[in-house]
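Turn these sequences into a full structure, and let the hints steer you where they fit.
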Amino acid sequence: MSNIELGLLSFPVILILIFLRIPIGLAMLAVGIGGSYLITGSFNPVMAQFKHLTQGTFASYSLSVVPLFLLMGQFATLGGMSAALFKAAATWMGHRKGGLAMAAIGACAGFGAICGSSLATAATMGQVALPELRKYGYAGGLATGTLAAGGTLGILIPPSIILVIYAILTEQNISKLFMAALIPGLLAAIGYMITIAIYVRINPESAGQVERAPYSERWKALAGVWPVLVVFIVVIGGIYGGVFTPTEAAAIGAAGTAIISLFNRSLTGKNFIEAILSTASSTAMIFLIVLGAGALNGFLAMSQLPQVSAEWVVAQGFNPWVVLIAILFLYLLLGCVMDSLSMILLTVPIIFPMVTALDFGLPPDEFAIWFGILVLIVVEVGLITPPVGMNLFVINSMAKTTSLGQTYKGVLPFVASDLIRTAILAAFPALTLYLVRLLY
Amino acid sequence: MSLNPVERFVSGLARYVAIAGGLALVATVILIVLSVIGRALIPLGLGAITGDYELVEAGVGFAVFAFLPWAHLTRGHAVVSIFTDMAGPRFNAWLMVVCDALMLAVAVFITWRQALGAMDKFAYGETTLLLRMPLWWSYTAGLIGAVTFVLVAAYLLAVSLSDAATGRQPQAGQGAVH
Amino acid sequence: REVTLRIHQMLPAQATIPADAITPWAAAVEEQSGGRIKFELYPAMQLGGAPPSLFDQAKDGVVDIIWTVLGYTPGRFPKSEVFEMPFLVTTGEATSVAFQKYVEANAMDEFAGVHVIAVHTHGPGLFHTKDPVNKLEDLAGMKIRGGSRVISDMLSRLGAEPIGMPVPAVTEALSKGVIDGTTIPWEVTPSLKVAELVKNHTGFTGEYGLYTQTFGFVMNQDSYNNLPDDLKAIIDANSGVETARMFGKVMDAGDAGGLAIAEGLGNNIITLDAVETARWKAAAQPTIDQWFADMDGQGIDGRALYEEAQSLVAAESSL
Ligand code: NA
Ligand code: NA
Chain B
4 MSNIELGLLS FPVILILIFL RIPIGLAMLA VGIGGSYLIT GSFNPVMAQF KHLTQGTFAS
64 YSLSVVPLFL LMGQFATLGG MSAALFKAAA TWMGHRKGGL AMAAIGACAG FGAICGSSLA
124 TAATMGQVAL PELRKYGYAG GLATGTLAAG GTLGILIPPS IILVIYAILT EQNISKLFMA
184 ALIPGLLAAI GYMITIAIYV RINPESAGQV ERAPYSERWK ALAGVWPVLV VFIVVIGGIY
244 GGVFTPTEAA AIGAAGTAII SLFNRSLTGK NFIEAILSTA SSTAMIFLIV LGAGALNGFL
304 AMSQLPQVSA EWVVAQGFNP WVVLIAILFL YLLLGCVMDS LSMILLTVPI IFPMVTALDF
364 GLPPDEFAIW FGILVLIVVE VGLITPPVGM NLFVINSMAK TTSLGQTYKG VLPFVASDLI
424 RTAILAAFPA LTLYLVRLLY
Chain S
164 MSLNPVERFV SGLARYVAIA GGLALVATVI LIVLSVIGRA LIPLGLGAIT GDYELVEAGV
224 GFAVFAFLPW AHLTRGHAVV SIFTDMAGPR FNAWLMVVCD ALMLAVAVFI TWRQALGAMD
284 KFAYGETTLL LRMPLWWSYT AGLIGAVTFV LVAAYLLAVS LSDAATGRQP QAGQGAVH
Chain R
21 REVTLRIHQM LPAQATIPAD AITPWAAAVE EQSGGRIKFE LYPAMQLGGA PPSLFDQAKD
81 GVVDIIWTVL GYTPGRFPKS EVFEMPFLVT TGEATSVAFQ KYVEANAMDE FAGVHVIAVH
141 THGPGLFHTK DPVNKLEDLA GMKIRGGSRV ISDMLSRLGA EPIGMPVPAV TEALSKGVID
201 GTTIPWEVTP SLKVAELVKN HTGFTGEYGL YTQTFGFVMN QDSYNNLPDD LKAIIDANSG
261 VETARMFGKV MDAGDAGGLA IAEGLGNNII TLDAVETARW KAAAQPTIDQ WFADMDGQGI
321 DGRALYEEAQ SLVAAESSL
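Protein chains in written order, with my numbering: chain B, 4 to 443; chain S, 164 to 341; chain R, 21 to 339.
Among these hints, one or two may not hold up.
As the list claims (entries may be wrong) - Computed, partial: chain R to chain S, Cβ under 10 Å:
| no. | residue |
| --- | --- |
| 1 | K79 |
| 2 | P94 |
| 3 | S172 |
| 4 | R177 |
| 5 | E181 |
| 6 | G184 |
| 7 | Q318 |
What the hints assert, rightly or not - Cβ pair distances, simulated, as ranges:
| no. | chain 1 | residue 1 | chain 2 | residue 2 | range |
| --- | --- | --- | --- | --- | --- |
| 8 | S | L194 | B | L441 | 27 to 37 Å |
| 9 | S | P252 | B | I236 | 25 to 35 Å |
| 10 | R | T43 | B | V311 | 51 to 61 Å |
| 11 | R | G161 | B | Y218 | 29 to 39 Å |
| 12 | S | P252 | B | I276 | 30 to 40 Å |
| 13 | R | D242 | B | P15 | 32 to 42 Å |
| 14 | B | L41 | R | S338 | 38 to 48 Å |
No wet-lab data here; the hints were simulated from the structure.
Ideal Cβ placement from N, Cα and C applies to all residues, glycine included.
Shown next as structure tokens:
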């Protein structure tokens, strides 16, 4: 078997292992190690590589941002900021038709600004908003669908762990990617709100009525979210403004959210340990996948598959846009069964050289940023596409009276809104690149 | 739920090692914050903490190793269970055995190679750039988590083996909620 | 019998050394072997791992050949490190040849387990800073990126705040103000867009430049031993002093290109005069003395090695 055939074969093998419920990082590690053996004809190279690969991957300055952003999200979750955000959004928009669901989206966007993970955003906001939505007569599917979709704003609005990983994989500038994500992230929030407005117009019985809050209460509630604003401005502003590196920003964000939750008296010894253990789980999960991707990518590079497939795509003379649409479609499909981070680490090393070889009329840096944001959006859709959508599971497990089937149905309008937004951002790269061009 | 002594020891160890990793992460946060403040106050005669990059790498490296056993013990790794959910409990029980055996193999492999890497760094006398901290220190610190990972993986394999052999429902979770 | 050898290194394929030294070297060997030796080039750490692990990748047989910065593994090449001492470097070509001869005579034990194809240095490194450095005192409090532990030690003795970071991080760090300047040779400035980001460049009067870094282009020992004798001979014919000279020349050509770009942008190119240069040399002397003391601690006669390095560089530079 030729090296390229080995490279090609590795994908079905990995998928089979993954579908057999082998942890994704483990499957990538096993195939990477096995593949290197088949190509080099000896275990010596891969054994020698692992004398330093694990340490090099775990003790890496650029990846250190990942556990720090996770820790920041944990402290933000503890600090009661989700409740303050939802309260503020609800007093301003709750009385409108479907307003409480819109408020949940707004609060998710706000929480996404200080949390780099979708699941944490979905879980936290679900705890706060789900009981309120049910109390005011929102239909089960609308409530869970809204929060599952809102949770994706945790990744779409910077900071975003997936973008950090993409930046490292493709050697792009993290702060430019964060900046580029801002407009698409806001468009997502607006799109979800429009979706809710249309939904409740078609199904008026699906949303109840909330009393209009007096302005005194509104301003007071809004004033309650200042810590979120401060943390966001310091962290994201600090990265954009070059005051500190992303790792430093994440550490400052973690310290800031910890201090806020200390002042709220929501940080106790017990939940501090819980925050640490939860960070431990997510961190280890991500780093096992990154380590697996390191082993796999070394093997793929040796197989020459990335290079050859890039040359092949160019030689075929495909229309670049057709290739792009096919790739985005592939991500949507994979997203129905896989999680976002694994998808990125598994596919970007092959897909990125391929699309970079095509001409979309953009300079290489801008192309990489725009493509990264598009991929980010479609892999995030995967979090809410049935049957396997992690956000759907998390939210559904909190809503005791709503069946998974209702949640599946309730989220579909939001998936439709995601697809429309993807099409708009693909057709108009300038929307994504506007802030980057303005500020660099 | 009553815990047998082995289970109590393994889960306690994984928990304490993960907490130690978490404290290292918190220490890293404090270090970075102090360094950034120091850098901002250079005009006042302060400065960044020398070697802050190296210390961050050492701290986070130790933490990630320390987190591995906890994630495995709590079945925290990302899995796709949609297809296996359609299969019967016996199939899944034995699949769990295969999974745990593979994880143990990888844990042993990583630990074994890391130990050799540490010996290399010791033999070559390599240090970090600014603080000249011997590199074998952080390799060895990583081994604390790695060895715990091996213990946890061995324990979980024993559990899933006995579950599969006796037809008991697995007590551990069905996979990650990630 | 045909052999395929994998060459791994950290820079992108279009950077100076990969494009103008490694690729032509590989092409020459392929041609001289009548196609019996084939190379696969893996730039940008494509085969995995971090740049500091490159040397071990060759030693342990992860890949066949690597090119790396010896200073990425501080402490591992103490005798080779003497070439990083301040004000020892002249041109890339002369210093590379001197370094090759020096290593062959004094430091082969540091390369045990690999087959050395060539070692070399870059041309004189200099300061590239936001604010001009016209005298020693201007450096006080500046956050400067230094590439090796000797350079970092020297920077802190000169009054700067040394920041250790990998070369690819320099562009963003400069544009964001995380650092105020960097020490690198002209050769690296175009790919890092340094001349666009900072407007001041400070070098020194005379033949000697501030510092250099050392590089190794080495092969796994078994990969070499397993070659048939005629192919070994072809590798040997493309190893040693003349190969080191070729790498050094490529560095010098890169320096000229980088300087031309900065001149074209109308940047402020400062050459400190003889009096000021002498002050810098005096200020850098403690770094050299400290290195002697460190070497004494390891049972190495650092002073003798330093003097030998000095005389080799002077001889190759016709000084
Ligand atoms: Na976010
Ligand atoms: Na999905």
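Going through the hints against the structure:
For K79(R), the interface hint holds, the least distance from its beta-carbon to any beta-carbon of chain S being 9 Å, beneath 10 Å. At its closest, the beta carbon of P94(R) sits 5 Å from a beta carbon of chain S; the interface hint therefore holds under the 10 Å criterion. Using the Cβ-Cβ criterion of 10 Å, the hint placing S172(R) at the interface with chain S is satisfied: the shortest such distance is roughly 5 Å. Because the closest C-beta pair between R177(R) and chain S is about 13 Å apart, greater than 10 Å, the hint is violated.
Given the 10 Å rule on beta carbons, the hint for E181(R) holds: about 5 Å separates it from the nearest Cβ of chain S. For G184(R), the shortest C-beta to C-beta distance to chain S is roughly 4 Å, which falls under 10 Å, so the interface hint holds. For Q318(R), the shortest C-beta to C-beta distance to chain S is roughly 8 Å, which falls under 10 Å, so the interface hint holds. For L194(S) and L441(B), the Cβ-Cβ distance of about 35 Å falls inside the hinted range of 27 to 37 Å, so the restraint holds.
Between P252(S) and I236(B) the CB atoms are about 52 Å apart, so this pair departs from the stated range of 25 to 35 Å. The given range of 51 to 61 Å is broken by T43(R) and V311(B), whose C-beta atoms sit roughly 19 Å from each other. Evaluation of the 29 to 39 Å hint for G161(R) and Y218(B) yields a failure: the beta carbon distance comes to about 51 Å. For the pair P252(S) and I276(B), the supplied restraint of 30 to 40 Å holds, since their beta-carbon distance comes to about 34 Å.
Against the hinted window of 32 to 42 Å, the Cβ-Cβ separation of D242(R) and P15(B) comes to about 34 Å, which satisfies the hint. Checking the proposed 38 to 48 Å range against L41(B) and S338(R) shows it is violated: the Cβ atoms sit about 54 Å from each other.
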